Amino acid sequence: MIYRKFLRRPTIIRDSYPEAEVWAVITEVDDDIGREYSLQLAEQGFNILMFSKDLNKANEVSDLVQTQHPKSETKVFEVDWKGDLDEILVWVKDELDPLNVRVLVNNATIRPDKPSMFHETPIEEDLDMINVNVNVVVRMTRLVLPYMLEKAGGYVINMSSFVMWKDLPYVSVYNSTKRFLANWSLCMNFEYRMRNVRTSYVLAFFSDFKFPYFLKLKWLMPTPQKYVKQTLAQLGTSYRIIPHWSHWFLHKFISQDLGIFNFLHKMWFKRTYGNKKNK
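Heads up: the sequence shown begins at 1 in the numbering used here, then just goes up one per residue.
The set of hints was computed from the structure by calculation and includes no laboratory data.
These numbers were taken from a predicted model, which means no experiment stands behind them.
Honestly, I wouldn't trust all of these hints.
Cβ pair distances, simulated, as ranges [as the list claims (entries may be wrong)]:
1. Asp15 / Glu150: 19 to 25 angstroms
2. Lys93 / Gln68: 26 to 32 angstroms
3. Trp91 / Asp128: 18 to 24 angstroms
4. Asn135 / Arg195: 23 to 29 angstroms
Cross-link-like lysine-lysine pairs, in silico, DSS-like; alpha carbons within 27 angstroms at most [claimed, not checked]:
5. Lys93 / Lys114
6. Lys226 / Lys82
7. Lys71 / Lys82
8. Lys226 / Lys71
9. Lys53 / Lys226
10. Lys71 / Lys93
11. Lys114 / Lys53
12. Lys82 / Lys57
13. Lys226 / Lys93
14. Lys151 / Lys75
15. Lys229 / Lys53
16. Lys114 / Lys57
17. Lys93 / Lys53
Even for Gly, the Cβ is constructed at its ideal location relative to N, Cα and C.
Construct the entire structure; sequences and hints are all you get.
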């Protein structure tokens, strides 16, 4: 870990591809993380194809990319991943066909606003979570993978979550979707690494939930710029990426069955679930 984070030369993935035109596809740029992936991949020399459910936000990100990195081309598309996925992927494929796609960032995700008992969660909410967090990731990867195999190289980045390290009641469906992403990414990396297509999952922490005040520790909250920079720097070194050093220690802490994490989780549930009941 010390070598990978502090001593090893950071990965500059654009250096792997001598072609003049290479593209990165980002499935969601609405949040700070998606915006930073757009900016930092453009800084490396990638053109950016971005999706967003809010076209105004996507245009803002596109304008920012072109202002800071005028040599990079951008394409912006409005999409609601909760919609008819078969219909969406037809026109997405048409857009991808002429492009040299080398990077796919599966950043689209749905998170629960609050913890709740499984039977009290609307079925539509759970189905949307499964569709966006799992189906969109799998099918976008299936769509992009042939382009990478044809060119003998590429990177797939899947945004998982620290919640997968523990069985978390009250966010059971979300927890399960993120655990799926981790296991699936491991298998995908094993299957395709010999063909120079690397798949990694990122253990996201600080942006998963609106944490209660007793978990809002600044040393655990790197800026989005640092978070994405350290993620990209570790590509190709491992199928699992823990971007920030503080999150690595947190991962070790959570991995130990000390009961403290479960205690904090129960406190979080009681506060938020109790507040919801009292409204």
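_For Lys82 and Lys57, compute the direct alpha-carbon distance and say whether it is at most 27 angstroms._
holds, 18 angstroms
*asked:* Given a hint of 23 to 29 angstroms, does the C-beta separation of Asn135 and Arg195 actually sit inside it?
replied: holds, 24 angstroms
*Take the C-alpha atoms of Lys71 and Lys82, compute the straight-line distance between them, and say whether it is at most 27 angstroms.*
violated, 33 angstroms
*Can the restraint linking Lys229 and Lys53 be considered satisfied, given a maximum Cα separation of 27 angstroms?*
holds, 25 angstroms
_Outcome for the supplied range 18 to 24 angstroms, where the beta carbon pair is Trp91 and Asp128_ = holds, 21 angstroms
_Holds or violated: Lys151 to Lys75, with C-alpha atoms at most 27 angstroms apart_ = holds, 21 angstroms
*CA of Lys226 to CA of Lys71, is that 27 angstroms or under?*
holds, 23 angstroms
*Is 19 to 25 angstroms a correct range for the gap between the Cβ atoms of Asp15 and Glu150?*
holds, 20 angstroms
*Is 26 to 32 angstroms right for how far apart the beta carbons of Lys93 and Gln68 are?*
About 30 angstroms separates the Cβ atoms of Lys93 and Gln68, which means 26 to 32 angstroms holds.
*Take a quick look at whether Lys93 and Lys114 sit within 27 angstroms of each other, Cα to Cα.*
At roughly 35 angstroms apart (the allowed maximum being 27 angstroms), Lys114 and Lys93 break the hint.
_Please verify whether Lys226 and Lys82 have alpha carbons no more than 27 angstroms apart._
violated, 30 angstroms
*Proposed proximity, Lys53 with Lys93 (alpha carbon, max 27 angstroms)*: Given that 27 angstroms is the threshold and the Cα spacing comes to 18 angstroms, the pair holds.
Consistency with the previously given hints fails for numbers 5, 6, 7 and 13, ordered from lowest to highest.
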